[in-house]
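Trainee: Construct the entire structure; sequences and hints are all you get.
These protein sequence lines map, in sequence, to chains A and B.
Residue 2 in the numbering used here sits at position 2 of the first sequence, with consecutive numbering throughout.
Counting from 1 along the second sequence, just add 112 to a position and that's the residue number in the numbering used here.
Treat the hints as calculated values from the structure; they're not laboratory data.
Please read these numbers as outputs of a predicted model, since none were measured by experiment.
Every residue, glycine too, gets a C-beta built ideally from N, C-alpha and C.
Accuracy of the hints is not assured; some may be wrong.
[Claimed, not checked] From chain A, some residues computed to sit far from chain B (all C-beta separations above 12 Å):
(1) K11
(2) V12
(3) S30
(4) R50
(5) S58
(6) E63
(7) H74
(8) T76
(9) S81
(10) V112
[As the list claims (entries may be wrong)] Pairs of lysine-lysine, DSS-like flavour, derived with a Cα cap of 25 Å:
(11) K78/A x K105/A
(12) K161/B x K105/A
(13) K212/B x K136/B
(14) K181/B x K161/B
(15) K15/A x K62/A
(16) K161/B x K136/B
(17) K161/B x K212/B
(18) K62/A x K181/B
(19) K136/B x K78/A
(20) K181/B x K105/A
(21) K11/A x K78/A
(22) K15/A x K78/A
[Stated by the list, open to error] Take a look, some chain A residues computed to stay more than 10 Å from chain B by CB distance:
(23) T7
(24) E18
(25) G42
(26) F65
(27) Q68
(28) D86
(29) S95
So you can see what is in the structure, the chains are spelled out below.
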Amino acid sequence: NAGVIQTPRHKVTGKGQEATLWCEPISGHSAVFWYRQTIVQGLEFLTYFRNQAPIDDSGMPKERFSAQMPNQSHSTLKIQSTQPQDSAVYLCASSSPGLEVFFGKGTRLTVV
Amino acid sequence: AQSVTQPDARVTVSEGASLQLRCKYSYSGTPYLFWYVQYPRQGLQLLLKYYSGDPVVQGVNGFEAEFSKSNSSFHLRKASVHWSDSAVYFCALRRTGGYKVVFGSGTRLLVSP
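Mentor: Here it is in structure tokens:
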């Protein structure tokens, strides 16, 4: 069990460019979560999927952010027209009913 | 709606001293409760969890936590801290039968030599 895998670990983008972050959940887990972590805001919930269906995206910024889960083995978080305030560590996690949430090591996004 | 409050943003203790990190939750039912630890440049790792039964649960590296329904609390304890325990600790809650996990704001622990 390799755990939750996030790629890349670090990403630097120029202001206005697009960034796509990848997550491979633990095999057999039915739920996938995305969180954003910054010094100022702490750990913020963004969105989650259950059985690949989007369930709750209440934490997603309304513009420029989107998440997908095209199959049970990966999810993506896409940020269009990145801005400096998007700089953060983006954490992906997965879980199944009755289990705790398992986290990946995160992707550190830096927008310059 | 459920919520988790960690009232102490930073805690400093001396190596070898005992530790308590506080966690209060708001939820009308009996929740699933967790403590996670985050070391620098790492994701969150599970320390321990409470689902039901004995209110005192044991975790890794000598950590334990006690669930109190009457106080809506789930405080984390350790009898003797080590410098390697310096990290950020998150308390979290998941409602029974639910998927979404709600996290507290975290407590940064610094263990001084």
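Trainee: Could you work out which of the previously given hints the structure breaks and list their numbers from low to high?
Mentor: Violated: hints 3, 4, 5, 18, 19, 20, 25, 29.
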